[in-house]
Amino acid sequence: MNEGFRRLLVFTLRDEKYALDLREVAEVLEPTPTFPIPRAPRFFSGIINFHGSLVAVLDLAMFFGGKPGTAAGKILVADRNIANLAFQVDAVENIVSEEVLLEEREGDDDMTARHLVMADGEIRELSVNRILESLEAIISGEGM
Amino acid sequence: MDMSQYRNLFISESREHLRAIGERIVAMESEAADREKIDALFRSAHSLKGMASSMGYSRIAELAHKLEDFMDRFRRESIDFTADSADLLLEGADLIEAMIRDIEEGLPGERDVTGLLEKLAGYSPNLAADAPTPAGDEGGAVLLPEIGEEQAPGAKPVTRTEGLKGKAEPQQTVRVKTEILDNLINITGELITAKHRLMTIGKDLGLTSLDDAVTDLTRQLRELHNEVMLVRMLPFSAASDRFPRMLRDLARKAGKDIAFEIVGREIELDRGILEGLADPLTHILRNAVDHGVESEAERLSCGKPAQGKITLSVSREKDILVIAIEDDGRGMDPEKLVEAAVAKGLVDTEEGKSMSQREAFLLTCLPGFSTAKEVTDVSGRGVGMDAVRTTVRSLGGSLAIESEVGRGSRFLLKLPLTIAIINVLLAETGNLTVAIPVSTVLRTLEVRRTMVEVCGRQHVVHLDEETLPFLNLTGIFGLPMRTPIAATIPLFVSEVKGHRVGVAVDRFLGQQEVFVKSLGRPLATLKGLAGGAILGNGQVVFILDVANLV
Chain A
1 MNEGFRRLLV
11 FTLRDEKYAL
21 DLREVAEVLE
31 PTPTFPIPRA
41 PRFFSGIINF
51 HGSLVAVLDL
61 AMFFGGKPGT
71 AAGKILVADR
81 NIANLAFQVD
91 AVENIVSEEV
101 LLEEREGDDD
111 MTARHLVMAD
121 GEIRELSVNR
131 ILESLEAIIS
141 GEGM
Chain B
1 MDMSQYRNLF
11 ISESREHLRA
21 IGERIVAMES
31 EAADREKIDA
41 LFRSAHSLKG
51 MASSMGYSRI
61 AELAHKLEDF
71 MDRFRRESID
81 FTADSADLLL
91 EGADLIEAMI
101 RDIEEGLPGE
111 RDVTGLLEKL
121 AGYSPNLAAD
131 APTPAGDEGG
141 AVLLPEIGEE
151 QAPGAKPVTR
161 TEGLKGKAEP
171 QQTVRVKTEI
181 LDNLINITGE
191 LITAKHRLMT
201 IGKDLGLTSL
211 DDAVTDLTRQ
221 LRELHNEVML
231 VRMLPFSAAS
241 DRFPRMLRDL
251 ARKAGKDIAF
261 EIVGREIELD
271 RGILEGLADP
281 LTHILRNAVD
291 HGVESEAERL
301 SCGKPAQGKI
311 TLSVSREKDI
321 LVIAIEDDGR
331 GMDPEKLVEA
341 AVAKGLVDTE
351 EGKSMSQREA
361 FLLTCLPGFS
371 TAKEVTDVSG
381 RGVGMDAVRT
391 TVRSLGGSLA
401 IESEVGRGSR
411 FLLKLPLTIA
421 IINVLLAETG
431 NLTVAIPVST
441 VLRTLEVRRT
451 MVEVCGRQHV
461 VHLDEETLPF
471 LNLTGIFGLP
481 MRTPIAATIP
491 LFVSEVKGHR
501 VGVAVDRFLG
511 QQEVFVKSLG
521 RPLATLKGLA
531 GGAILGNGQV
541 VFILDVANLV
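Those protein sequences? They're chains A and B, same order as listed. Number 9 in this note's numbering belongs to position 9 of the first sequence; there are no gaps in the numbering. Number 111 in this note's numbering belongs to position 111 of the second sequence; there are no gaps in the numbering.
Next up, chain B with everything else stripped away, as it sits in the complex (with noise of 0.2 Å):
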């Protein structure tokens, strides 16, 4: 029987029974692994076995068979399930996932599993593990702490503090090709395109009736669009499941006891914010780890809590999506900061004797405020932060750093909560218009020519309260300027590689809400632009990416 066409099928179900086995090995070794966990576990893999089975990869169903014996024997002899059980299994997982990525890639999935079948075999409660090497190549293994035998008993696991309730499954579910959603997105989109332009003409014609049609029309796609929205939003969860689990793994490593947290894993975010925080939220935890809490010995002469702290939570405000990071460990120390990057040349010593508490955190986020390889007190956390902060940027939101020495520290991001529509700022600069998204509009005014002169090398622009680098669109993209030059210049300011910049364009057209589309090969290695729009009247404009332009 050709089984390939159940093969995708097998992929995606594998993997959900993979997750939940993962997640009920955190949870059970810090509540009491009580008979219906196992038991949970057990049916798992289970499942994993007969699919495998039927599908006819056999080591996959060997290895889950084993697990499932392996499992078993805490049915059986009551015997404690200790965190060295659970990254025997946990390392089980993972080389069945290993086999699953392989068979995705159109690779046999057969990777060598005797050296754990004989680990989970040899398993006795009562000897301390030995350090076992990872079975097969990347992918299987799970990391243990290389500090010592003696940490293996005493080293405690991430705790999940928040209970695996079992996942209610909602009434009734379909599954979707993803690729058939974000059609019915694009199709819904030239939709309210296609009645702008009707709008307008209307408006043209004036015609009372085809006006109240129009009106109509627009009431239900607007009913439409929020249905259809509805579809890009994926529960926290999706992103924020396999945290425990890494946090788990990278405290391990690091020899320190972390207590997880995870607030608001139910609440809904657009799928493309999620898939874009995903990077950004795991260099923060893994910071918070690294260099965030202390080690158990410094928490005990400091009066706190041998166990550390990481709490990550999500909340709506109105329609911005609030995201809080936040441990209980070292914090950081502004005036060591900016003294940090005043040494790296980053800013000068004027700039860093004016800043507030707030900006000298953000410093960490400076491209070159540190290197992988330097990792202090001060600096350790600057790694990978500047890639946080351009991502989120990146997604329209923004990122605020909040830290007390001693106490800990408090990572903030705020988003919108979708991506796909986006209010922009119309404006023409030569023969071009151009959608500048309105959230990186920090002002928009008109200046007087006299107002802008040239300093050094570059011309600037005197505000009222501020002077501010003089850029022109026109210039920046290359067309002939404008002659002979206004009187007067529409502006807008926003901020570029972190400072405030002026912006002149020929003149603004206006605000709308647009739906972004991405420009796709060759174009998006186009650099200042964030995708593209169609505008009502069927032109096609580009959505600018500021902070990217120069």
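So here's chain A without its partners, still in its complex pose (with noise of 0.2 Å):
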């Protein structure tokens, strides 16, 4: 937050880029061992112990739309205040400055904030926010 650029974490899901926005990760974990949670949709792999909390696992790949992810990839643990949520991703390429942008579009779609223009590529960058507003609303939706 010295300069005022945000840094991201980029990471990729089935050959794509994706970023969140660094404040929102707590922590990226190895994969680690979840246990099934009863009512969930299908998209979820599990609940972790995570420093003694209770941490979703969310399948991103799945959430998307597709076929489950692979299970070796990284866990990306979303920022606490926020939500009791993780990402499983396929893996995590590193850190970028939006110093090093050369081009941003507003998110097409409900879960994207904005699409980022990297020298090497594009990177959607999605929005903790949404997602989790997302999947209560499908918890809700899918309530028994």
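Simulated from the structure, these hints should not be mistaken for lab results. Certain hints may be false.
What the hints assert, rightly or not - Once the Cα atoms are required to be at most 35 Å apart in a straight line, the calculated DSBU-like pairs of lysine-lysine come out as: (1) B:Lys353 - B:Lys253; (2) B:Lys203 - B:Lys304; (3) B:Lys336 - B:Lys353; (4) B:Lys344 - B:Lys527; (5) B:Lys119 - A:Lys74; (6) B:Lys253 - A:Lys67; (7) B:Lys414 - B:Lys309; (8) B:Lys304 - A:Lys74; (9) A:Lys74 - B:Lys517; (10) B:Lys253 - B:Lys414; (11) B:Lys414 - B:Lys517; (12) B:Lys203 - B:Lys177; (13) B:Lys336 - B:Lys304; (14) B:Lys318 - A:Lys67; (15) B:Lys527 - A:Lys74; (16) B:Lys253 - B:Lys119.
Quick one: dock chain against chain with the hints and give me the complex.
This is how it looks when you write it as structure tokens:
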């Protein structure tokens, strides 16, 4: 925050690049044993014990409409002040600063905050809050 | 100078002063407003003014200053402290509170105070007060009787029989952010889990030296745990202090004269329970004022004293908290309640006939028993009671109602002392291990497969004394059923939406204490789950909210 430029955590999902605002990420974990969640939509791979808190792991690939993601990928745990949620992704690439952005556009769907254009390609920046709202809507809609 | 870092301190300290001012004013209406009390009031206003001034909140400082001046008139002119003067002061306090809320939300905290300042300046003890219009928007006004001016001098305020003893500050205290305290509690919970793991490892390895060390550790952890749980305890007054003022305003609005007593405000209870109780208690008290206590005229015609009485008492019986709200009002007629419930199709006539009085009174808690628009003698009491019972249940407690027509009613809430740690029954169902709060388990037993049969569209199970709807947890969770179906089925009996049901599991694993962890977003939205817990072996299990499973 010194230069006023945000830093982004870039990760890959099925060969596409995504990013999260670094401030919204608490920790990056290696694959962790998960426990089943009763009645949860299938795109939740389970729940983990994260330093004493319960965190639900979302299989992002499956959430975006596809087959289950790789179990060998990394787990990005969101800031606990925002949610008890983590994202299962294929791999983490690096951390970039907004400074090196060539261009940015408004997101074109519910989950995307922004489209970012870098020298080596396009990155879709996701919004944790929007994903959360979508999840809550799905869960309460599915409630029996 | 950058004052923003002091803002939070200003907000919390101002609130304390405002609370003290409010309490003192309500007390002064009933007990003689002696010099000492007026001085105390003056000091609180004075402190508020000073703090607001130094923070640059000139509007608040101005209003506090005028309130000070107003209070000074009682000292200098020896005029009586009446309900009207109390109203004005309370209006001022409310307006300051509204401005502080604004500041908390990042707004300037400058509401229009001119109306109130004029009233304060123009106040004369000899005139009956005009029905004032609320100053500013919501949050500024004190409720005043809309009945008419003749009421104003005559209407008596709520009496606080308990009296305001100056709260003796504990010897040494520090302010700690609640976040830090919650973290401490979390860490303690984790230590206990880790200890369980060590115990298991010790047993597996058969190392006595490890066992001994773990025993020592257990003892010390128990001590740490007890101390840390004390941190969660707050006195009941933290929730109840707002009630005298609330009742005073409600009573005045209803044109009733009501004495309100609180017993046991110093009793300590878990912060989570206290927070959960605020709404239910408010509902019940409100109902007592609106529908329980009769009007003065009605009371006199029944030979009752003109002044009604409402008592809120808290006590501890071993490890249960008992809260009672009692009024000496008109009471409820169980027969009329049954009639109303049958008329609404909430119970059938047969059920209604066999109901005990206690069960009849609890009919008021059925959702749909009374709508907000209906305010009759019988059903007016139903408003909000279903929410009350649900909340009490969710805190692991129970609600009972006693009443006698013409004499009054009594609402009895029984609650566990803490909700952070609960006893659960662990059970296996499909690939899941679940935790069922012991407080919701009425019985556990094994039934033979032959005792379960289909009856119409549902399954029922025949127990010795009763036949209950039969549910299967595996089915409820949409998990694959175990095949072949076992000859004996483990079952627990619980209450779902007011009815006893039998719920089958695959296996019971035992009972233990667990530390309740909240699910947070997004899983908290899942129905039927009351949180989670981490077992000694590191396994995460979900705690069932049985009442809401289906």
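Each hint, compared with the structure:
no. : hint                : verdict
1   : B:Lys353 - B:Lys253 : 39 Å, violated
2   : B:Lys203 - B:Lys304 : 69 Å, violated
3   : B:Lys336 - B:Lys353 : 12 Å, holds
4   : B:Lys344 - B:Lys527 : 28 Å, holds
5   : B:Lys119 - A:Lys74  : 66 Å, violated
6   : B:Lys253 - A:Lys67  : 63 Å, violated
7   : B:Lys414 - B:Lys309 : 22 Å, holds
8   : B:Lys304 - A:Lys74  : 73 Å, violated
9   : A:Lys74 - B:Lys517  : 25 Å, holds
10  : B:Lys253 - B:Lys414 : 31 Å, holds
11  : B:Lys414 - B:Lys517 : 23 Å, holds
12  : B:Lys203 - B:Lys177 : 40 Å, violated
13  : B:Lys336 - B:Lys304 : 23 Å, holds
14  : B:Lys318 - A:Lys67  : 55 Å, violated
15  : B:Lys527 - A:Lys74  : 29 Å, holds
16  : B:Lys253 - B:Lys119 : 20 Å, holds
When held up to the earlier numbered hints, the structure conflicts with 1, 2, 5, 6, 8, 12, 14 and fits the remainder.
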